[in-house]
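Read top to bottom, the protein sequences are chains A and B. Note that the working numbering numbers the first sequence so that position 130 is 130, with each residue one more than the last. Note that the working numbering numbers the second sequence so that position 274 is 274, with each residue one more than the last.
The reader is advised that the hints may include incorrect statements.
[Said to hold, decoys possible] Cβ pair distances, simulated, as ranges:
1) B:Asp-3 / A:Ala-298: 55 to 65 Å
2) B:Glu-91 / A:Arg-113: 35 to 45 Å
3) B:His-235 / A:Thr-171: 19 to 29 Å
4) A:Arg-341 / B:Ala-234: 50 to 60 Å
5) B:Lys-39 / A:Gly-309: 52 to 62 Å
6) A:Ala-108 / B:Asp-105: 49 to 59 Å
7) B:Glu-40 / A:Lys-276: 50 to 60 Å
In case anyone wonders, no lab produced these hints; they're calculated from the structure. C-beta atoms are modelled at their ideal positions from N, C-alpha and C, and glycine is treated no differently.
2 protein chains.
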Amino acid sequence: MTDQKPFLAALAGQSVSPPPVWLMRQAGRYLPEYRASRKEAGSFLDLCYTPDFAVEVTLQPLRRYGFDAAILFSDILVVPHGLGQKLWFVEGEGPKLEALTGEADLEALSLPRMEEALQPVYQAVAGIKAAIPESTALIGFAGAPWTVASYMLEGGSSKDFATGKSWAYGTPERFQRLIDLLIEATAQHLSRQIVAGAEAVQIFDSWAGVWPERHFRRWCLEPMKAITAKVKAAHPDIPVILFPRGAGLLYEAVAKEAGCDAVSLDTTVPLGWAAKTLQPHVCVQGNLDPLQLMAGGAELDRAVDEIVGTLSGGPFVFNLGHGILPKTPPEHVSRLIERLRGGSNTAENGLSTQSAPATA
Amino acid sequence: MTDQKPFLAALAGQSVSPPPVWLMRQAGRYLPEYRASRKEAGSFLDLCYTPDFAVEVTLQPLRRYGFDAAILFSDILVVPHGLGQKLWFVEGEGPKLEALTGEADLEALSLPRMEEALQPVYQAVAGIKAAIPESTALIGFAGAPWTVASYMLEGGSSKDFATGKSWAYGTPERFQRLIDLLIEATAQHLSRQIVAGAEAVQIFDSWAGVWPERHFRRWCLEPMKAITAKVKAAHPDIPVILFPRGAGLLYEAVAKEAGCDAVSLDTTVPLGWAAKTLQPHVCVQGNLDPLQLMAGGAELDRAVDEIVGTLSGGPFVFNLGHGILPKTPPEHVSRLIERLRGGSNTAENGLSTQSAPATA
Chain A
1 MTDQKPFLAA
11 LAGQSVSPPP
21 VWLMRQAGRY
31 LPEYRASRKE
41 AGSFLDLCYT
51 PDFAVEVTLQ
61 PLRRYGFDAA
71 ILFSDILVVP
81 HGLGQKLWFV
91 EGEGPKLEAL
101 TGEADLEALS
111 LPRMEEALQP
121 VYQAVAGIKA
131 AIPESTALIG
141 FAGAPWTVAS
151 YMLEGGSSKD
161 FATGKSWAYG
171 TPERFQRLID
181 LLIEATAQHL
191 SRQIVAGAEA
201 VQIFDSWAGV
211 WPERHFRRWC
221 LEPMKAITAK
231 VKAAHPDIPV
241 ILFPRGAGLL
251 YEAVAKEAGC
261 DAVSLDTTVP
271 LGWAAKTLQP
281 HVCVQGNLDP
291 LQLMAGGAEL
301 DRAVDEIVGT
311 LSGGPFVFNL
321 GHGILPKTPP
331 EHVSRLIERL
341 RGGSNTAENG
351 LSTQSAPATA
Chain B
1 MTDQKPFLAA
11 LAGQSVSPPP
21 VWLMRQAGRY
31 LPEYRASRKE
41 AGSFLDLCYT
51 PDFAVEVTLQ
61 PLRRYGFDAA
71 ILFSDILVVP
81 HGLGQKLWFV
91 EGEGPKLEAL
101 TGEADLEALS
111 LPRMEEALQP
121 VYQAVAGIKA
131 AIPESTALIG
141 FAGAPWTVAS
151 YMLEGGSSKD
161 FATGKSWAYG
171 TPERFQRLID
181 LLIEATAQHL
191 SRQIVAGAEA
201 VQIFDSWAGV
211 WPERHFRRWC
221 LEPMKAITAK
231 VKAAHPDIPV
241 ILFPRGAGLL
251 YEAVAKEAGC
261 DAVSLDTTVP
271 LGWAAKTLQP
281 HVCVQGNLDP
291 LQLMAGGAEL
301 DRAVDEIVGT
311 LSGGPFVFNL
321 GHGILPKTPP
331 EHVSRLIERL
341 RGGSNTAENG
351 LSTQSAPATA
């Protein structure tokens with residue numbers, strides 16, 4: 001063992017015991033203290049763009065559970081928002097954007113505008129870095145170009161991705177221009193987070209699982225590979241985690257070809273296959289079903305044991321296969337952490353477990 | 001070559017050239033004659049339960065395109081509806097059911113009631129069989145237990161399958177009773193369709209791609225295997241096609257373990273892997289992206305050529321990876337058929353290509 005933070009040691013290829021753990025959307029609505037901060041801040045975007053609030057909600061789950069990593073509280077859609085696209089959130093419906101309709105909308109997007117607009121995000125990163133315990137790592141993140149483009153073209157979430165796919169299949173040169181802009185913007189956004197203190201970055205391709213292989217390679221794998229190369233050119237020591245959710249068999253291509261340090265597995269990825277096929281190449285992260293965490297009890301214990309039993313022989317970070325659900329009882333997260341750490345103190349990282357005031 | 005219908009020859013393991021073709025939801029809203037029948041019939045359920053209408057809309061796409069198979073026009077939710085659950089369709093929102101909430105709702109479901117209620121469906125099967133050309137095969141179908149159970153418990157479609165998974169993870173014995181009832185009901189429903197004239201059956205597990213492997217096996221693979229065994233015990237010569245949409249790597253387990261004759265591939269299944277891993281065991285069917293069909297043009301041609309080029313060395317049926325979309329231009333389907341058949345007459349099966357009156 002080195003004196004590296006456990007999360008970073010796993011990303012560097014070590015098998016770490018007990019396995020480092022964090023949860024996607026660990027700062028979120030399942031925590032009463034988050035709901036209080038959210039109420040105080042106003043809108044969801046106010047929470048993202050006010051550094052004091054973003055720092056506070058990022059720290060809340062660390063206080064309760066002593067996770068091995070903090071992840072910046074933000075949203076993948078701050079990139080198109082920063083580039084100049086209108087963005088708002090409708091309670092219970094998710095994000096809404098004024099959908100791009102053609103060339104002129106593309107031309108209006110501006111990288112320098114984004115640089116300026118996202119300063120509060122980078123301030124939040126610096127604030128979090130200053131506040132987290134020494135053994136805790138700080139993760140920066142962004143959405144992958146395809147997933148972000150999908151929101152930009154559909155104007156929100158989608159069932160069949162008809163508009164995004166119509167651009168890809170019908171006007172691929174125009175779609176490539178949007179993807180190329182997002183490669184630039186995403187690499188820049190991640191680099192700024194790294195400069196501000198992020199020690200690893202994760203790229204979320206939440207809608208990767210909708211393409212024929214040829215198009216998965218062009219619109220998901222290649223853009224993530226390009227961003228990874230750009231980030232590593234500027235910051236060679238920063239590990240990159242890719243999350244091509246739903247990629248199925250094509251997880252193998254990502255693990256072997258994208259140049260990343262880790263892949264985050266969705267819930268459907270078979271554990272034995274991941275151990276045999278992916279772990280020889282990269283660290284794997286995942287992949288408890290958020291509904292198993294919500295269920296708790298013996299089902300949760302069995303699922304945790306199976307994941308750890310199958311994946312802890314190689315580089316491995318425990319996580320969910322998708323974001324934690326708002327109705328998850330917080331005590332189920334405690335049970336999970338105790339199961340992973342064999343009953344050791346869940347707040348051994350030095351942060352008080354007492355709930356702090358909603359903001360500084 | 002035998003004198004078997006081309007579709008049945010492929011299911012029996014032969015490589016057939018040109019490949020037999022049909023499309024999921026080939027009878028549907030993209031056809032003006034379907035929209036006219038739908039308007040005349042009243043509700044979507046009226047269309048399903050009035051044999052004359054169900055026969056007519058089933059035949060419509062055969063007249064235009066000369067597909068190698070007809071598929072009964074019906075819905076996977078006629079099974080819970082027949083069992084006694086309230087079902088209705090809201091325009092633009094899809095199916096709604098009065099969700100099951102517990103033991104008493106389960107007890108109220110009745111197999112004999114279903115047998116009685118679904119007589120019009122079996123009459124439609126007999127009517128279609130009498131009307132289709134000799135070279136066209138007739139497919140019967142049903143939803144898989146997990147997918148149908150999900151609708152029964154959520155009361156409609158779902159984003160995260162929270163209720164269904166809560167039953168599976170929290171009260172597995174109760175969930176198993178529902179799945180077992182659906183295994184019985186589905187096997188019975190398929191057998192009745194076979195007795196009425198169906199020459200092959202397809203089981204749709206549209207939501208198969210949401211489980212950890214252990215649960216996929218228990219709630220998707222095992223029930224489909226049990227239904228396949230029951231159908232084959234009564235009708236040994238009837239081929240069974242399974243469609244575990246989103247199963248990813250676990251398509252392999254389905255192809256090797258479920259006892260089926262074919263698997264239907266969703267759009268994300270890599271073609272080379274399917275040829276190498278699945279085709280030695282079963283016929284494969286698929287897997288054009290419905291959005292590529294909607295796009296048309298060079299993208300459609302390239303995708304068709306790639307699928308046929310990779311899969312036509314073994315037993316193969318051309319299809320989509322998911323249902324055809326309502327906005328698909330009907331002339332794109334003509335283009336697809338011409339591409340597959342090298343420009344031969346698309347209505348060589350003897351049905352008039354002229355649009356027939358909406359119902360008999």
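Results for each hint:
no.	hint	in the structure
1	B:Asp-3 / A:Ala-298: 55 to 65 Å	57 Å, holds
2	B:Glu-91 / A:Arg-113: 35 to 45 Å	42 Å, holds
3	B:His-235 / A:Thr-171: 19 to 29 Å	49 Å, violated
4	A:Arg-341 / B:Ala-234: 50 to 60 Å	54 Å, holds
5	B:Lys-39 / A:Gly-309: 52 to 62 Å	58 Å, holds
6	A:Ala-108 / B:Asp-105: 49 to 59 Å	54 Å, holds
7	B:Glu-40 / A:Lys-276: 50 to 60 Å	57 Å, holds
In this structure, only the earlier hint numbered 3 is contradicted, and the remaining ones agree with it.
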